[in-house]
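Asks: The primary structure of each chain is shown beneath.
2 protein chains.
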Amino acid sequence: MSRFRVVGKSVPKIDGLGLVTGEGKFAADYSLPGMLWGKILRSPVPHARIVSINTSKAAQLPGVRAVVTGQDTLKRPYGQFEGTAWSGADMYALAVDKVRFVGEEVAAVAAVDELTAEKALDLIEVEYEELPFVLGIEEAMRDAAPLVHEAIGSNIVHRVDYAYGDVDAGFARADHIREDRFATEPVNHCAAEPHAVLANFERTGKLTVWTSTQNPMRQREYLAGTLGIPQSSIGIRKPYVGGGFGGKHGNVNQEFCASFLSLKTGRPVKIVLTREEVFAATRGRHPIIIHLKTGMTVEGTITARESLVYLDTGAFSSDSKHMLGRMGNHLTSLYRTPAVRTRGCLVYTNKPTCGAQRGFGGQQMRYADELQIDLLARDLGLDPLDVRLRNAVESGDVTPHGYRITSCGFKECLETVAAASGYREKRGKLPRGKGIAVACGGYICGLRVPIESAAMVRIDLDGSVVLSTGSADIGQGSNSMLCQIVAEELGVTFDRIRIMTGDTDLTPPDGGTFSSRVTIQAGNAVLRAAAEVKRQLLQAIGEQRDIPTDVLDVVDNQIVLRDTKRPLVSLEKAVKQCPPLLGTGYYLNRDDVVQMDVNTGAGNLSPAYSFGAQIAEVEVDESTGKIKVEKITAAFDCGFAINPQGVEGQIEGSISQGLGQAVSEIVLRDRRGATLNPSFLTYKVPMVTEVPKITPMIVETIEPEGPFGAKGVGEGMLLPVPPAIVNAVYDATGKFVNSIPLRLDKVYLPA
Amino acid sequence: MSRFRVVGKSVPKIDGLGLVTGEGKFAADYSLPGMLWGKILRSPVPHARIVSINTSKAAQLPGVRAVVTGQDTLKRPYGQFEGTAWSGADMYALAVDKVRFVGEEVAAVAAVDELTAEKALDLIEVEYEELPFVLGIEEAMRDAAPLVHEAIGSNIVHRVDYAYGDVDAGFARADHIREDRFATEPVNHCAAEPHAVLANFERTGKLTVWTSTQNPMRQREYLAGTLGIPQSSIGIRKPYVGGGFGGKHGNVNQEFCASFLSLKTGRPVKIVLTREEVFAATRGRHPIIIHLKTGMTVEGTITARESLVYLDTGAFSSDSKHMLGRMGNHLTSLYRTPAVRTRGCLVYTNKPTCGAQRGFGGQQMRYADELQIDLLARDLGLDPLDVRLRNAVESGDVTPHGYRITSCGFKECLETVAAASGYREKRGKLPRGKGIAVACGGYICGLRVPIESAAMVRIDLDGSVVLSTGSADIGQGSNSMLCQIVAEELGVTFDRIRIMTGDTDLTPPDGGTFSSRVTIQAGNAVLRAAAEVKRQLLQAIGEQRDIPTDVLDVVDNQIVLRDTKRPLVSLEKAVKQCPPLLGTGYYLNRDDVVQMDVNTGAGNLSPAYSFGAQIAEVEVDESTGKIKVEKITAAFDCGFAINPQGVEGQIEGSISQGLGQAVSEIVLRDRRGATLNPSFLTYKVPMVTEVPKITPMIVETIEPEGPFGAKGVGEGMLLPVPPAIVNAVYDATGKFVNSIPLRLDKVYLPA
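Chains A and B supply the protein sequences, listed in that same order.
With the first letter of the first sequence counted as 1, position 73 gets the number 73 in our numbering; the numbers rise by one all the way through.
With the first letter of the second sequence counted as 1, position 107 gets the number 107 in our numbering; the numbers rise by one all the way through.
Hint data in this document are derived by calculation from the structure and do not stem from the laboratory.
This one's a predicted model, so the numbers in the text were calculated from it and none came from an experiment.
A hint or two may mislead.
Any copy will do: because identical chains look the same in the list, a pair fits if it lies in one copy or spans two.
[Stated by the list, open to error] Result set (DSBU-like, lysine-lysine): computed pairs, CA atoms no more than 30 angstroms apart in a straight line:
1) LYS75 <-> LYS576
2) LYS434 <-> LYS293
3) LYS573 <-> LYS75
4) LYS693 <-> LYS293
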């Protein structure tokens with residue numbers, strides 16, 4: 001019997017009914033009287049000086065209300081995470097003087113309808129003076145390469161080289177050393193909902209922006225900065241969001257264009273990106289090249305590692321500095337590493353800017369690491385799963401980069417997936433064409449950022465409970481999880497909780513959704529607000545009845561005597577006898593959780609870390625190269641699972657998304673960097689029929705920092721999917737492929 | 001020099017820009033996709049049994065989506081102030097079985113447009129079995145009178161008869177006794193904005209209602225009760241409101257109809273009452289008959305009083321029980337009264353229900369009282385102003401009914417208007433046709449009701465401040481006043497404050513706008529929330545800098561050392577170094593403030609009382625009966641005036657409204673109770689050119705219970721207007737008129 005009544009039990013998504021009935025509104029569903037449509041003119045060339053822009057013909061087209069270019073703006077560059085060392089403020093909302101990739105935002109139009117706005121784009125005359133351009137990472141690092149940003153003097157915008165421990169001694173101690181090169185291709189988030197925004201500036205000075213965002217508060221900060229108006233004059237509304245996966249984390253171009261056009265016209269302006277624009281211009285996952293060197297003893301113990309990462313950030317630096325540092329961190333986050341050297345280059349190219357995607361900083365490194373562990377094990381005649389168990393971090397470890405591992409169910413995850421999949425019985429005994437392999441993952445559970453989490457819980461006059469939080473449910477189900485926390489802490493049933501969120505004017509501040517932070521950071525804020533309102537309630541009831549507060553409790557919507565559980569009064573009645581019950585709470589990171597040093601990669605990034613393992617079973621038709629992933633067995637240590645159904649959903653979703661990135665997804669670009677396959681017909685997201693049988697298992701640990709012991713689950717289980725599949729394909733075919741996706745031509749065996 | 005920086009100084013209305021630009025939205029301005037229009041069928045007969053209603057023809061009209069009658073509803077009666085002894089739950093949202101006045105709500109239709117809905121009303125076939133009806137108060141009290149509510153067994157729904165002090169001895173002590181009969185006619189509020197509502201029920205179970213209301217929280221409670229759904233499933237949105245004056249206090253018929261039709265159709269439904277409907281069916285001021293008897297010594301000291309009030313509540317009791325009690329209270333609230341007997345009858349008639357109007361319970365009694373004081377003074381050869389000064393209550397008094405007078409500037413108000421108007425120089429020395437006279441007023445400043453006030457103040461991430469309150473600004477300017485309180489208490493400038501209000505889902509609870517309660521009750525809640533967030537701010541800054549919190553202060557957006565005012569850091573910077581700053585606060589009435597006993601009229605109703613006096617100067621053309629009010633000099637003790645410009649605006653507005661009720665306004669009804677003049681062409685609201693020169697003066701007292709010493713100003717200055725004008729006409733002509741309005745025929749002197 002669980003000691004809990006609400007948490008630890010599955011609940012449906014509280015906003016699910018809105019989704020299935022179609023009544024839940026997404027940003028594009030909003031319209032206002034007098035609304036204009038906005039469209040964005042994008043650069044057709046990869047690199048050019050803008051000689052002139054003539055907007056007069058476009059402005060004269062009947063129905064056009066405004067045309068704006070970079071020259072009309074305040075020309076304020078912006079970057080990710082203002083107020084941190086990670087920010088590279090090199091982007092503009094509309095290009096100023098130069099364009100740097102095919103698809104870059106050059107001008108924007110507002111017109112009475114979508115078609116007129118589109119026609120107006122054709123009438124904007126831009127004279128470009130084309131410049132030499134560079135698309136490949138290695139090519140961009142050559143001395144004579146065309147410079148994407150002349151002012152920087154190099155395409156290498158950031159470079160790191162640091163070591164922890166005696167790396168030379170470590171390699172000297174090794175019985176076996178491998179060096180491999182791994183590569184990944186760009187992929188897109190493929191959220192079902194494209195980016196959409198409706199901005200409404202009123203003469204009262206208020207700008208209201210409905211937008212598909214993961215971070216309403218940060219969105220507000222960016223808009224205030226680029227528009228030059230106070231944050232408090234902007235209200236961001238986050239309606240239902242149809243998936244983010246990092247792709248709706250800190251965007252600002254379309255939000256800026258809609259807002260700026262609304263400021264200019266005094267009319268509401270809506271911009272909905274087409275799927276083509278989403279592929280061609282929003283910030284997908286970084287393609288990288290990783291050189292990885294690892295030393296190992298014959299028993300399979302890691303003695304030293306060295307990584308060299310070339311990270312392609314595209315035309316602007318976005319949050320790539322941070323990404324580079326995080327890749328170093330993630331190399332040592334799962335396996336004990338006595339000595340490690342980390343080198344990396346962040347490189348500009350004339351391609352769309354890259355940015356956050358689910359598993360940010362971890363996914364590519366884990367892919368390389370998990371592949372090399374298998375190669376090393378194979379070289380040494382060891383079982384890859386045993387090698388992982390031998391090196392696995394444990395609770396109490398501090399990684400070379402400074403991660404302090406608190407709760408840790410990593411080894412249990414490995415044993416669990418091995419047992420559940422029959423790995424030990426199958427491994428090495430399958431016929432050619434069938435393969436089984438393991439890979440691991442895990443992630444941070446929050447980050448130190450300028451905006452952390454606060455919440456308010458109010459008991460309403462009918463005994464229902466209202467949770468107000470600035471956190472952003474973008475489909476992952478965090479609203480349900482947070483309501484469970486309130487219900488449990490307060491002693492009320494889940495159906496009593498309502499949640500008010502998604503409005504920067506009305507909710508307490510919260511950083512938003514990224515870094516798997518919501519469970520620990522918003523969760524703790526919510527827990528504390530609920531505890532405070534419960535304290536107020538019991539104090540009022542105790543005073544009225546002259547009973548000490550500490551003998552009272554709330555159980556299932558009743559005020560009871562704590563020991564005997566004898567009900568005294570229902571919450572519904574009690575609240576009518578109490579003063580207004582309003583609890584606030586906030587959570588700030590512990591002092592030992594710090595912002596990463598971008599030059600040394602040092603720092604305990606997160607209050608806690610999650611862990612997991614997966615076993616992939618595949619069947620490969622070598623005559624065609626076709627891979628069928630038959631089964632994935634997954635175990636994940638997310639701390640305590642507040643909503644087990646939600647955790648399983650995250651595991652299943654991560655595996656579907658990882659599958660695509662492992663076997664089929666790639667954003668193809670032509671020789672000028674233009675996107676060749678910007679549609680779901682040509683960019684191959686797995687169909688539901690291609691998703692394997694998934695067995696999601698939860699390995700519960702109790703994380704001291706987490707609400708009820710919970711950690712986080714949004715990202716960690718995406719990481720193992722590509723390496724588990726690549727390793728299984730290797731097991732099936734003996735053919736090792738060092739780049740994903742595993743398209744047919746890489747796996748196909750010539751007859 | 002004031003010790004304050006923000007309060008006590010005039011500020012413009014913070015929502016004024018929305019009003020003058022037209023961007024402020026009223027309920028009728030809202031529309032939603034797929035919206036239907038609702039219309040209400042009203043009874044054409046004063047009293048009838050509903051034999052049958054056939055809606056089939058109406059339902060079949062193309063474009064009609066739903067037709068509902070009382071039989072479709074839960075038939076739950078409702079009344080004012082649920083949870084108090086005042087509630088008479090005898091009303092239905094749609095008539096059940098019987099209709100009781102011309103204009104009563106019988107059925108409602110939702111259709112695709114307004115015209116179709118109107119046509120559908122004509123197709124609803126109602127068979128009425130007409131019953132004898134009764135319109136006059138005295139007629140309704142006769143034994144054989146037709147019964148408006150058979151179940152009650154009498155048209156007298158409530159009767160009081162109680163005394164304080166030895167009334168017989170008091171009269172025996174008197175040198176002079178007068179008995180007079182006074183009467184008032186029904187008047188309407190004439191808010192510029194008619195009642196409007198948009199209801200939207202979503203399949204997720206949420207009902208959202210945009211409505212023109214003074215009391216969002218109570219509106220929610222009524223709707224939940226009549227619709228049979230939980231309060232927490234309903235969200236009331238109060239947009240801009242174009243005046244309430246009591247007329248938007250607890251209405252529910254049109255809100256119910258729109259909501260019920262939305263529930264039935266699954267579509268948004270809008271109902272906007274026509275001006276005709278506002279006149280014919282919303283709750284105007286009670287017409288009354290007052291018999292008043294007063295004993296006085298030759299020096300002008302009151303020895304005893306006796307009142308008998310016949311209160312016409314119309315077809316339903318509404319909040320009239322409370323009204324009857326309050327009339328008794330108000331008789332003794334201004335002048336010391338050693339003994340008093342209070343008798344009253346609350347009477348049903350077949351006319352529209354009466355309800356709250358500005359000055360509720362006080363206006364009619366003050367009218368009678370102020371007239372009789374003048375008559376007594378004249379009889380005794382005393383100056384009416386001196387008689388008032390002689391009997392005026394003072395700070396520390398407890399009235400017979402239990403009012404505890406705290407701050408009191410009543411005598412100073414009398415002296416102030418006398419001096420400013422030159423009363424003593426003019427009185428008795430004006431030519432025939434010119435008159436000058438005094439009358440007094442004052443009001444409660446809040447009431448004990450089930451929902452009192454809470455607030456939240458949050459310092460936003462850019463150092464601006466967000467006030468969240470459930471209080472309702474309906475045009476009176478309370479939002480500006482509350483923002484001043486926050487700015488003053490927190491030490492920030494007024495422009496830093498934003499207010500979030502008008503949404504029951506999002507704001508802390510608040511009772512709304514009535515009984516001049518917002519300044520003391522919401523004001524104190526807001527003050528406490530601001531103090532709490534300031535405490536959090538200074539504590540955080542103190543801890544960071546290792547400075548004791550009590551040497552810190554906030555002045556003009558800077559954290560300073562309290563003594564030297566040396567700035568340490570701007571609020572804008574400080575907030576970035578602090579945890580989330582969220583202050584909550586609430587105000588409950590002191591224990592000695594109680595709900596009035598409806599049978600004895602006893603109780604200290606309010607935490608404080610306001611006082612005022614007016615001098616009216618008139619010119620009467622006796623050959624036509626035309627009255628020209630030339631000048632009104634007004635002084636009001638509202639405690640400390642937080643926004644002097646707002647206080648003056650309330651005084652001026654009260655005088656304009658009182659002028660109409662004194663000289664021209666009357667809802668005329670035909671012999672079946674149908675409204676004869678339901679338009680501004682025929683119901684005579686004074687034109688701006690008819691408003692006299694007004695000299696508003698503020699007599700400041702410091703009320704211990706009020707925020708910064710403030711009390712309230714919304715209603716008290718309406719009360720003196722009719723009696724001051726009637727007294728001045730008497731002074732000008734020697735003709736005493738005992739009923740208002742003073743239409744031409746009452747003043748006209750036959751040649």
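Asks: Each hint should be assessed against the structure and marked as holding or not.
Replies: How the hints compare with the structure:
1. In this assembly of identical chains, LYS75 and LYS576 lie within 30 angstroms of each other by CA distance solely across copies; the values are 25 angstroms between and 55 angstroms within a copy.
2. In this assembly of identical chains, LYS434 and LYS293 lie within 30 angstroms of each other by CA distance solely inside one copy; the values are 29 angstroms within and 107 angstroms between copies.
3. Taking identical chains as interchangeable, the C-alpha atoms of LYS573 and LYS75 lie at most 30 angstroms apart only when they sit on different chains, with a minimum of 25 angstroms there against 58 angstroms within one chain.
4. For the homomeric pair LYS693 and LYS293, neither the shortest alpha-carbon distance inside one copy (34 angstroms) nor that between copies (92 angstroms) is at most 30 angstroms.
Hint 4 from the earlier list is the only one contradicted by this structure; the remaining hints agree with it.
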